[in-house]
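Construct all of the structure, not just a fragment, from the sequences and the given hints.
Protein chains in written order, with our numbering: chain G, 1 to 383; chain B, 1 to 291; chain U, 1 to 301.
No lab work stands behind these hints: they were computed from the structure.
On a predicted model such as this, the values are computed, not experimentally measured, just so you know.
Idealized CB from N, CA, C, for every residue including glycine.
Partial pick of chain G residues on the chain B-facing surface, computed with a CB cut under 7 Å:
hint	residue
1	52
2	73
3	81
4	99
5	102
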Amino acid sequence: MSFLHINNVHKRFGETHVLKGVDIAIEQGDFLVLVGPSGCGKSTLLNMIAGLDSISEGELLLDGRCINDVHPSRRDIAMVFQSYALYPSMTVAGNIGFGLEMRKVPRKERREAVDRVAKLLQIENLLDRKPGQLSGGQRQRVAMGRALVRDPQLFLFDEPLSNLDAKLRVDMRSEIKQLHQRLKTTIVYVTHDQVEAMTLATRIAVMRVGELQQLGTPHEVYDDPNNLFVAGFMGSPSMNLVKARIVEHDGVLVAQVATGDTTLALPIVRDREALSDWCGRDVILGLRPEAITDPASANHRDGNIHEAELPVDLIEPTGADLYVVTTLGDASVNARMRPGTPLRPGERTRFAFDVSRMVVFDPESERRIRDEQVVDSALEETA
Amino acid sequence: MSAASPAARRGAATRAVLYAILLVFAVIYLMPLYVMLTTSFKTLEEIHQGNMLALPGEWTLAPWREAWGSACIGLECNGVHGYFFNSIKIVVPAVLISGLLGAFNGYVLTKWKFRGHKVVFGLILFSCFIPFQIILLPMARVLGLLHLANSTGGLVLVHIVYGIGFTTLFFRNFYASFPDELVRAAQLDGAGFFTIFFRILLPASVPIIVVTIIWQFTNVWNDFLFGVSFASGDSAPITVALNNLVNSSTGVKAYNVNMAAAMVAAVPTLIVYILAGKYFLRGLMSGSVKG
Amino acid sequence: MSNASPDRDGGARERLQRWLPKLVLSPSCVLVLFFVYGFIAWTSYISFSDSGMMPDYTWVGLHQWSRLWTSWTWGIALHNIWVFGLLYIVSCIVLGLILAILLDQRIRAEGVLRTIYLYPMALSFIVTGTAWQWFLNPGLGLEKTMHDLGWQSFSFNWLIDSNMAIYTVVIAAVWQATGFVMAMFLAGLRGIDGEMIKAAQIDGAPAWKIYARIIIPQLRPVFLSAVVVLAHLAIKSFDLIVAMTGGGPGNATAVPATFMYSYAFSRNEMGIAAASAVFMLAVIAALIIPYLYSELREPRS
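Next up, the structure:
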C-alpha cells in the first residue's frame, strides 16, 4: 500500500470543475513535484492534502488512513507557503515554536526542538529577530524551520522559491534536495518551474487544467512523455515539434519531413510496432534540442545517427552551449551544438539527428504513439 | 554662464512667489485659531476697545477660569468642566467597544469569508454614510424605552452603533493586505479562531488600531447632532454645552469666555492631531478612498 | 468511515470553530440591521403616517410629503443646500488642488505647512462655528479690525444679512475642509508615474501644460472621491450652521438638516420631519451607492 494515495479526487467551486479526478500514489520518502502552468489545479490539490480546501469527491489516504474529514492540524502535515506566512509580531523562535506551543509541548522541549532545527538550517543567530528584519532567503529558512520542527509525516511546499532571486533560488533548491536526502522525509512540492521539478523530484506529476497528464520519474517525464503537452512543457529550450508523415521505404519505417526542396527521411527506431499502423498518415515528431547536434559531437556508436544538411537561420551562444536554429518542415528547430562550432547564419551545415530519442505523437488526440511496453532491446536491433 | 544666470534668477523668483503664496495661506488658516487664543486671554474691556488681531495688552486667565468653572449654561453656572467629563465618559467606552467590534468584523470579513460576505460588508459600510437625520426619531424613542434618554450611556450606545461602519472599514482594509496564507499556516499549526486573532493578527495591527482610535475619538468628541438630540441638560457633551454657552441669547456676550470654552472643547482633538497627524490623515483618507 | 476514533473528540470543538466567525460577526449585524435598516424602514413609514408629536401609525399616503413640498422653509432649505453645496464643493476642490500642486514643488517646510492646512479638520464644527462667528462679528471682528487699520469704508456684515449669511457658512466650511481635499490631491499627485512626467519634459512641454494635459486628467479618481465626500459632508451639515447662524437670521440659513431637526424636536411635526429625512437619505444614497459599488468591486482573479 502506498504512503500517500490521492484516489480519484475531484474539486468543484460552484460550476467550475477545478480538479477532474486525479490519481496519484507515492511511497514513503518520495519527493513528489506537482508541476504545471498556472490554473492547472496543482495548488488546489496541495491545499486539499493540507486540509485547507475541502474535497468534492474522491478519497485522500495518508499511511492507510482516510484524511478527507480530518482537521488540518490533526493530519500530521506541515506546509511551507509561497509568501512564507511568517507571523509578523513573533520572533523567529516564536514562529518556529508556535505549532509546538499549540500542541501544548512543554516549554523546555520546545526550546530544544527549536534550537535543533535552527542549527540544522543555520539560523541560530536569527532566533530573536522579527520576520520584518530578515532577508528573503532567511525568511525562507524560517518557514522551513517551522515545518521541520513539527517532524510531520508529510511536508507540503507551495512554490516556496518563487519569491527569491535567481541565484538564491538555485542555492535553496540544492539545500532542499540535500535536506530531503538527509532526513528521508516524504514531500509534496508545487511549482510551475519545470527545472525545479526535474532537479528535485523523485516523482513528477505534470498537470493541466485539472487533469493529471503524466506521473513518473523525471527521466520518464523528460524522455518518454505521454503527450504533446508534457513534451512541450518539460525542458528548456523545449522539445522541437515537427509535422511529418510515416511511410515505409524499402521495408524500413521512416518519418518524412518535407523541408524546402528536399525531403528528410528519419528512420523510426522507437515504438515501431505501434507506428507500423500509421503508415501513410501524418504525425508530429518530437526531438529534444540535444538530440540534434553537429556530427562531431554525436554519439555514432549505436548507429542511430542520421545526418542531413540544413540551412543555419540563427545562432544563439549561451556560453556552455551553442544553439543553432534551423528550419525543418514549417517549424523552427533548435539544435544544441558544441560551443565554438564555426557557423554563420545563412550557410548550410550538417546536422546529426539521434533518431533513438525521437518520439511521435498523434496530431489529433495529441497523445504519444508508443508500443505497449517499452522494450529496451528495440534500440539495439538497428545496430 | 551668462545664458544660465537669467534663467536661474527667474527660477529663484518663481520659488519666492511660491513660498509667499503658501505662507499667505498658512497665515489665513492659522488666523481663526490665533484670534480664538488671543481673545481668550483678553479682558472684555480690551476686546471692545482694542484690535482683534492684537496680542492681549494684559494677559488674563480669568476667562479660562470662568469658562471651566463658573460660566452659566442654561440655568446652572458651573462652567463647562462637567460637560468636558461627560464627553470623556462617552468617548472612552464608545471608542473601545466600536473598535473591538470593528476589529472582529474586519477579521471575519477578510479571513473567514463566507457566501455573501461582500453583501454584509456593503450593508455595514453603508451605515457610515447615511444622514443621521433618518435615525433621530426612532432612536429617541428607543433610548426612551431603554431608559437611556438624556444619559451618557445612551450616547455611548449611539456612538457604538454608528461607529461600527468605519471601524469595520478600517480593519477590513488593513487585514485584506495580510496574506491569507498566514491564517492557513496558523491553522496547520493548530491555532483556532480566537488564537489566530489575538496571537497573530492583533499584535500586528498597531497602526490601524491607532488610526481607528484617533478617528473614533475625533468623531465622537466632535459630535453635536447626537448630543443635542439625545442628551440635554446635565448629561450633554462638551460640544452641546459650548453651543448653549455661546448662543444663549441672555446677558452680555462674554467673547473671551466663549473663546476659552471653545478652546477647552478643541484642545483634546488638537493635541491628538499634533501628536499623531499622520494617523489622523490615514483615517480620513481610508474613510474616503478604498485605501 | 475510516477516520473514526482519534478525531471524534475534536468534532464538537471543530463544529464550534466553524460557526465562530459568523457568531462573532452577528452582534454587529444585529445592531446594524436594527439601528440602521430597521430605523430607516420605521422613519420611512412615519413619513406616510399621521404622526405629529407622537407616532401615529394611521396611513395618510403622501399627505406629509405634500406638506413638506409646499412648506416655505423647506424651499429655502433646498435652495440653501444647493448654493452651499455647490460653492463648498467647487471652492474646496479648486483651493485644495492649487495648494496640493504648490506643495508638490519640493517645498522645504512641506510637513509644517501640511499640518497647518489640515488642522481645522480635527476641530468640531461647533468650535469652528464659534470661532468664525466671532471672527466675522460685524461690531468687533474683521470689520472693526479693518477700520482700525485705516480702511474706513470696509464693510462686512454678511453674518447678519439674510441674503449673505449662507456665504459666511461657506467660508467657514471651506476653511475647515480644504486641507483634507489638499491631502487627497497630494496623495494622488505622489502616485503619478514620474517617468511619464520626465518623458513630457523631454518632449519640451512647459510645466503648466504638463499639469493641465497629463497630471490633472490622471487625478480623475481623486476628483470623484472628493466630490462624493464633500457632497456627503454638505448634505449632512448641521453643526456648523447651528453654531454660526442658528439657521438665521430668521430662516435665511436653514438647510434640510436644520429643518428636519426643528420639525422633529421643536415643532413636534414628526411626519414632515420624517419625510425630510427620507429625502436626505435618498439623495445621499443616489450618490453613495454607485460610488461604493464601484469602489468595492474587485477585479476578478
